[in-house]
Amino acid sequence: AQSVSQHNHHVILSEAASLELGCNYSYGGTVNLFWYVQYPGQHLQLLLKYFSGDPLVKGIKGFEAEFIKSKFSFNLRKPSVQWSDTAEYFCAVWSSGTYKYIFGTGTRLKVLA
Amino acid sequence: DVKVTQSSRYLVKRTGEKVFLECVQDMDHENMFWYRQDPGLGLRLIYFSYDVKMKEKGDIPEGYSVSREKKERFSLILESASTNQTSMYLCASSREPGLGEQFFGPGTRLTVL
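Top to bottom, those sequences are chains A and B.
The first sequence begins at 1 in the numbering used here and counts up one residue at a time.
The second sequence begins at 114 in the numbering used here and counts up one residue at a time.
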């Protein structure tokens, strides 16, 4: 069965630290990849997405992600986090085989001021 | 701005009751989705619909049904609510499956006593 793995369930960082959240998926066909963020008390919203082309994609608020096809990975990065980045982050994969989105279990990020 | 609205933010029901969760989107999106969000489990797809009167089972459809009589409205029905259906329910819509982002509603926190 297809799956999406987010290995870090809880991450605590100090402001200005660098962030990398891991996301791996288990599907060999065509995939589209997404990172969503849920700030406390708010809707889930899109951070960035990858469909094709340059494997390094930039999103909102200084986030970026790199698609590494050989590793089935789509890790999220930010060079310097801010307190306002405290949120839960979800990786999602859409596959042409199943025609549906699959989400990871999420990573709760807490940034200390 | 895309808006996805859900009929209730909080709902408390008793075991065995029939529960209706309503979702409306105002952007003429073809695709609509119902997820449940539980801590440590991320978002799990219950049902989705790519057209009016069309529905497809997601990963956890047991105990749920859906209705899509109009393009903008997608209803989730719990035929006989049980305590293990206590959860946050999220509705989402998108223009094209896999190619576009999903827009999420604010969620309905359902408690079944």
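Source of the hints: derived by calculation from the structure; they are not laboratory data.
We put the CB at the ideal spot given by N, CA and C, even for glycine.
Treat the hints with caution; some may be incorrect.
[Claimed, not checked] Cross-link-like lysine-lysine pairs, in silico, DSBU-like; alpha carbons within 30 Å at most:
id, chain 1, residue 1, chain 2, residue 2
1, A, Lys49, A, Lys71
2, A, Lys58, B, Lys170
3, B, Lys170, A, Lys69
4, B, Lys170, B, Lys126
[Said to hold, decoys possible] Footprint (simulated), chain A over chain B, 3 or more residues, beta carbon under 8 Å:
id, region
5, 156-168
6, 196-203
Hint-by-hint comparison with the structure:
1. Pair hint Lys49 (chain A) plus Lys71 (chain A) holds up; C-alpha atoms about 18 Å apart against a cutoff of 30 Å.
2. With a C-alpha separation of about 33 Å, the suggested pair Lys58 (chain A) and Lys170 (chain B) falls outside the 30 Å cut-off, and the hint is violated.
3. As the CA atoms of Lys170 (chain B) and Lys69 (chain A) are separated by approximately 29 Å, the hinted pair is consistent with the 30 Å bound.
4. For the hint linking Lys170 (chain B) to Lys126 (chain B), the alpha-carbon distance of about 24 Å falls within 30 Å, and the restraint holds.
5. Under a criterion of three residues with beta carbons nearer than 8 Å to beta carbons of chain A, the stated coverage of the region 156-168 of chain B is upheld, 4 such residues being counted.
6. A stretch counts as covered by a chain when three or more of its residues have a beta carbon under 8 Å from one of that chain; for the region 196-203 of chain B and chain A the count is 1, and the coverage is violated.
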